[in-house]
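Asker: Add 258 to a position in the sequence shown, counting from 1, and you land on the number used in our numbering.
None of these hints come from the bench; they were simulated from the model. Fair warning: this is a prediction, and the values are worked out from it, not measured in the lab. Among the hints, a few may not be true.
Here are the simulated SDA-like cross-link-like pairs (lysine to any residue), alpha carbons at most 20 Å apart as the crow flies [unchecked claim]:
| no. | residue 1 | residue 2 |
| --- | --- | --- |
| 1 | K385 | M426 |
| 2 | K455 | Q391 |
| 3 | K455 | Q321 |
| 4 | K425 | D409 |
| 5 | K425 | K488 |
| 6 | K385 | Y454 |
| 7 | K521 | Q540 |
| 8 | K385 | R438 |
| 9 | K385 | R475 |
| 10 | K488 | E435 |
Quick list of the computed label-pair ranges, beta carbon to beta carbon [what the hints assert, rightly or not]:
| no. | residue 1 | residue 2 | range |
| --- | --- | --- | --- |
| 11 | F520 | R490 | 12 to 22 Å |
| 12 | Q523 | E494 | 40 to 50 Å |
| 13 | I342 | R393 | 23 to 33 Å |
| 14 | V481 | I514 | 46 to 56 Å |
| 15 | I538 | L562 | 12 to 22 Å |
| 16 | V350 | R505 | 37 to 47 Å |
| 17 | E473 | G508 | 34 to 44 Å |
| 18 | L562 | D501 | 49 to 59 Å |
| 19 | A506 | V565 | 19 to 29 Å |
| 20 | G308 | S362 | 38 to 48 Å |
| 21 | E494 | D406 | 52 to 62 Å |
| 22 | D501 | V350 | 29 to 39 Å |
| 23 | E516 | K425 | 54 to 64 Å |
| 24 | P471 | K425 | 53 to 63 Å |
Cβ atoms here follow ideal geometry from the backbone N, Cα and C, with glycine treated the same way.
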Amino acid sequence: MLNKPGSRNGDDLPPLSEYVDALSGWAAKLRGGSLLFILLALLLLWLATGIYSVQPGEEGVVQTFGRFTSVSTSGLNYHLPAPIQQVTIVNVSSIRRAEIGFRSTAAQRQDVLSEALMLTADENIVKVELLVQYRIADSRAFVFNVQDPEDVLLTSAEVALRDTVGKMTIDAVITEERARVQDQTRVILSQLMEYYKTGIQITDVRLQGADPPEEVRDAFQEVVRALADKERLINESQAYQNDIVPRARGNKQKLIQEADAFKQQRVLQATGDAERFLSILQAYRLAPDVTRERMHIESLEGVLQQVELTLLDPDAIGGQVLPFLPLKGLDSPDLSSPSLETAPAEGN
259 MLNKPGSRNG DDLPPLSEYV DALSGWAAKL RGGSLLFILL ALLLLWLATG
309 IYSVQPGEEG VVQTFGRFTS VSTSGLNYHL PAPIQQVTIV NVSSIRRAEI
359 GFRSTAAQRQ DVLSEALMLT ADENIVKVEL LVQYRIADSR AFVFNVQDPE
409 DVLLTSAEVA LRDTVGKMTI DAVITEERAR VQDQTRVILS QLMEYYKTGI
459 QITDVRLQGA DPPEEVRDAF QEVVRALADK ERLINESQAY QNDIVPRARG
509 NKQKLIQEAD AFKQQRVLQA TGDAERFLSI LQAYRLAPDV TRERMHIESL
559 EGVLQQVELT LLDPDAIGGQ VLPFLPLKGL DSPDLSSPSL ETAPAEGN
């Protein structure tokens, strides 16, 4: 049963009039300077909440009743307290990353197949993983133009990657044109960020992986190895060409120089022979007999220089010279020859 106001239920509750008297007494004490002092202190505390600090590499986007006011730089700054103004601190110097086709943490890495599996131009499925690095270049646009700019970045990166992969064959994506996938995706993604005015600048796009489905991965790996062998053989052939061609050119130049020298030698020799014959002809015309005799003697000298000749004068030492047969230069007989064996005596 409820008690009426002002009634007592035994001695445990004071009457309502006592509460009223207590409140009246407290209000009386605050009259004068005490209430004003408390209000001023509360006002100062409220105003002090507008003091904030911006670190190096950061910018503060100031809003007044939700509308853009200014951008504050690093250092100690002030804004009118909420709800009049508020500040959003944005780091514009750090390089951030967005992952397409996978998510990674310090402890684990997880595939996101809904993003990674893509269709190529030759209607094959390929699993592609992409890492996008970016920074905030315009803090005002990053805060105001898009509700969730980083989510827009993820979606746009996936769109750009699918557009690039969809125009290429699976062999090109996983082997020889991986760099083209990165470059083309970066161009398209940068254009989308500019179109949406997100304030995001793309600094790098790296292809983390491009693999065929598990069912045909071994066959594609064989193709990759064959292409690697092809590239290696091309490089080896190029190195051999770079070595053999200069040497062949050097040998060619050497042979040309030797041929020129031989040519000059033969020409000079022929010219000398012609001049010698002309001089002999001129001398022959002046003195035919003398010239003929001289040429005969010169011919004999040339022949006799190649012959060992011994002259015997029969009148020397009273004609008592003993002729002998010179054996110099004759080979020793082969004693083992059958023709030199002694014939057996008859009757043995």
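Asker: Next step is simple, just say for each hint if it's right about the structure.
Answerer: Checked hints:
1. K385 to M426: holds (14 Å)
2. K455 to Q391: holds (17 Å)
3. K455 to Q321: holds (19 Å)
4. K425 to D409: Not OK: K425 and D409 at ~25 Å, beyond 20 Å, violated.
5. K425 to K488: At roughly 25 Å apart (the allowed maximum being 20 Å), K488 and K425 break the hint.
6. K385 to Y454: The hint is violated at about 28 Å.
7. K521 to Q540: violated (28 Å)
8. K385 to R438: With Cα atoms ~16 Å apart, K385 and R438 stay inside 20 Å; holds.
9. K385 to R475: It holds: about 11 Å lies between the C-alpha atoms, which stays within 20 Å.
10. K488 to E435: The hint holds at about 16 Å.
11. F520 to R490: 12 to 22 Å: violated (45 Å)
12. Q523 to E494: 40 to 50 Å: For Q523 and E494 the Cβ distance comes to about 43 Å; the hint holds.
13. I342 to R393: 23 to 33 Å: holds (31 Å)
14. V481 to I514: 46 to 56 Å: holds (48 Å)
15. I538 to L562: 12 to 22 Å: Given about 21 Å between the Cβ atoms, the range holds.
16. V350 to R505: 37 to 47 Å: Violated - the Cβ-Cβ distance for V350 and R505, about 59 Å, lies outside 37 to 47 Å.
17. E473 to G508: 34 to 44 Å: violated (56 Å)
18. L562 to D501: 49 to 59 Å: holds (56 Å)
19. A506 to V565: 19 to 29 Å: violated (49 Å)
20. G308 to S362: 38 to 48 Å: holds (40 Å)
21. E494 to D406: 52 to 62 Å: With Cβ atoms ~53 Å apart, the hint holds.
22. D501 to V350: 29 to 39 Å: violated (54 Å)
23. E516 to K425: 54 to 64 Å: holds (60 Å)
24. P471 to K425: 53 to 63 Å: Since the Cβ atoms of P471 and K425 sit about 20 Å apart, the hinted range of 53 to 63 Å is violated.
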